[in-house]
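Please model the complete structure; the sequences and the hints are all you need to start from.
As a plain string of letters, each chain reads:
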Amino acid sequence: MFECTWHVERLNLESLQGIELSVLWYTEGKGDEDLSVHFFRRLSAARLREIDLSQPQKFVSLLPESPVSYNGHLLRIRWCARMRLFLSGGQEIVTELPFTMHAAGDDAGDRPTPPLQPALESPATRSPATRQPV
Amino acid sequence: MPLLPQPWSKKRGSRLAARVFSGVVGEVLFYALLFLIGVFAVTLTIVGRFPGGGGPAVPVGLGFWIFLIASLALLVTGGGGLSYRILRVGASSERRAALARRTESLELVGRPARQTRPLPNVPQGDALGDSPGIRLAYRLPSSASPVTRVAAAAVLALLWCGVWVVLAAVAVSGLWRGTPRPMLTFLLLPLGGIGIWTARYFLRQLRESAGVGATIVEISDNPLRPSSSYRLFVAQFGKLRLRRLRVSLVCEEESIFRQGTDVRVDRHVASETAICSEKNVSIDPETPWEEEFELKVPPRAMHSFQSPHNAVHWKIVVSGESRPWPSFSRSFPVVVHPPCGAGTRDRR
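Respectively, the protein sequence lines represent chains R and G. Using our numbering, read the first sequence as starting at 834 and increasing by one per residue. Using our numbering, read the second sequence as starting at 719 and increasing by one per residue.
Watch out, some of these pointers could steer you wrong.
Claimed, not checked - Keeping only pairs whose Cα atoms sit at most 16 Å apart, straight-line, the calculated EDC-like set for lysine to aspartate or glutamate is:
1. R:K891 <-> R:E836
2. G:K1014 <-> G:E990
3. R:K863 <-> G:D984
4. G:K957 <-> G:D1002
5. G:K957 <-> G:E1008
6. G:K997 <-> G:E1039
7. G:K957 <-> G:E926
8. R:K863 <-> G:D980
9. R:K863 <-> G:E972
10. R:K863 <-> G:E970
11. G:K997 <-> G:E1009
12. G:K997 <-> G:E1008
Since the hints were made in silico from the structure, they are not lab data.
Spelled out as structure tokens, the structure:
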């Protein structure tokens, strides 16, 4: 079970047109990128007016058994929770929280892991339409 | 600082230096321009063919049809590209992927229900269990049939050599009539060299196919799981003397990528576990080489994975260094599933 908490701060909420929350995996490496979304929820502008975005919001998703995170030579499989904010004027802010998915009983303690990402907050300091490197 | 519109930009790693909106506007304008040029050209053609006021009509010839087809191509390309781009406005890559996933799940309606829930992006390996074995439960199919390779080499050699013979006949007939063709005669030399290479390649494939007999691989269970042990049976037929015969379990990464207009495939052996390595093996048709082994899948092995542009394959590889026959290597795909149950590890 994957549980994620998010909130928005330091952003003019009037300019928010929508928010997309997703849990997905994507590939990195030599091959073209593949991406598969496991969980997706879109919050419209009307819905955003009803909730207090400065307070922690939560979503829960039951993850599949595959694919597990993988760090190979030609191919890397990354899992992340991604939040995409749509602002007025066509601008977008994307932020990610990567995590490692492993098989049950797999002791991945010595497996190389990407650096820790900040929590899903404070997008105002980030340039629009960018994705953080994992 | 005010943002000025940029007609072009570039990617910096995974980050786009320009605003996405500018790119969308640029694409829409480009396709709209194509569409308008197409409409203009089609109108010109029709008006030229059916002029009002009794003017002379454009004659219907080859040029007329080429111009009309080119105009229609512009119109269709512009209209199609414009519609496609507009449909993608406001849809993030995650949203499109989620919609595609929902469509896939709708397509499953009406299919017979599976007894087990399929693992996403893991090959089920059902085809590997179609053929029962004699010693063990399943006989594994080979990834590439030697007959296909021999047939392809034969077609290549025959076509090339056939063309060379025709050109040679033209050159000889020219000499015979007293009108020699020096350029064609000169070109026959390099073309003949390539023909010899194709013929030698065909003979090499034929020798390998005829001299190295069939390879049979059987396994006790399918699919495989990490940390588990299985029985493996390998038999090599033919009449040959091998310097070394190896059987190994190989994990291979595969990536498909575009380089310019080409689509390329790159492969890398991520891990190789030797199961058997035997020197000076003699095989004749009466006594094929047969061995049964214990196959242990490594405990932290990555499961088989398949996505549109990337894959992780597992296979049993039987390879031999032989004389006088050429060395051979034959692959038998297997599927490795993840251990039952998976979870997440928090990075913090």
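Going through the hints against the structure:
1. The straight-line distance between the Cα atoms of R:K891 and R:E836 is roughly 7 Å, inside the 16 Å bound, and the hint therefore holds.
2. Restraint check for G:K1014 and G:E990: the C-alpha separation of about 12 Å stays at or below 16 Å, so the hint holds.
3. Distance check on the hinted pair: R:K863 and G:D984 sit about 8 Å apart at the alpha-carbon level, within 16 Å; holds.
4. The hinted pair formed by G:K957 and G:D1002 meets the criterion: a straight-line CA distance of about 4 Å does not exceed 16 Å.
5. Restraint check: the Cα-Cα separation between G:K957 and G:E1008 comes to about 14 Å, which is no more than 16 Å; the hinted pair holds.
6. For the hint pairing G:K997 with G:E1039, the CA-to-CA distance comes to about 9 Å; that is within 16 Å, so the pair holds.
7. Between the alpha carbons of G:K957 and G:E926 the distance comes to roughly 11 Å, so the proposed pair stays at or under 16 Å and holds.
8. Distance restraint check for R:K863 and G:D980: the Cα-Cα separation of roughly 14 Å lies within the 16 Å cut-off, and the hinted pair is therefore satisfied.
9. Restraint check for R:K863 and G:E972: the C-alpha separation of about 9 Å stays at or below 16 Å, so the hint holds.
10. As the CA atoms of R:K863 and G:E970 are separated by approximately 14 Å, the hinted pair is consistent with the 16 Å bound.
11. The suggested pairing of G:K997 with G:E1009 holds, with an alpha-carbon distance near 14 Å, which does not exceed 16 Å.
12. With a C-alpha separation of about 14 Å, the suggested pair G:K997 and G:E1008 falls inside the 16 Å cut-off, and the hint holds.
Violated hints: none; the structure is consistent with every hint.
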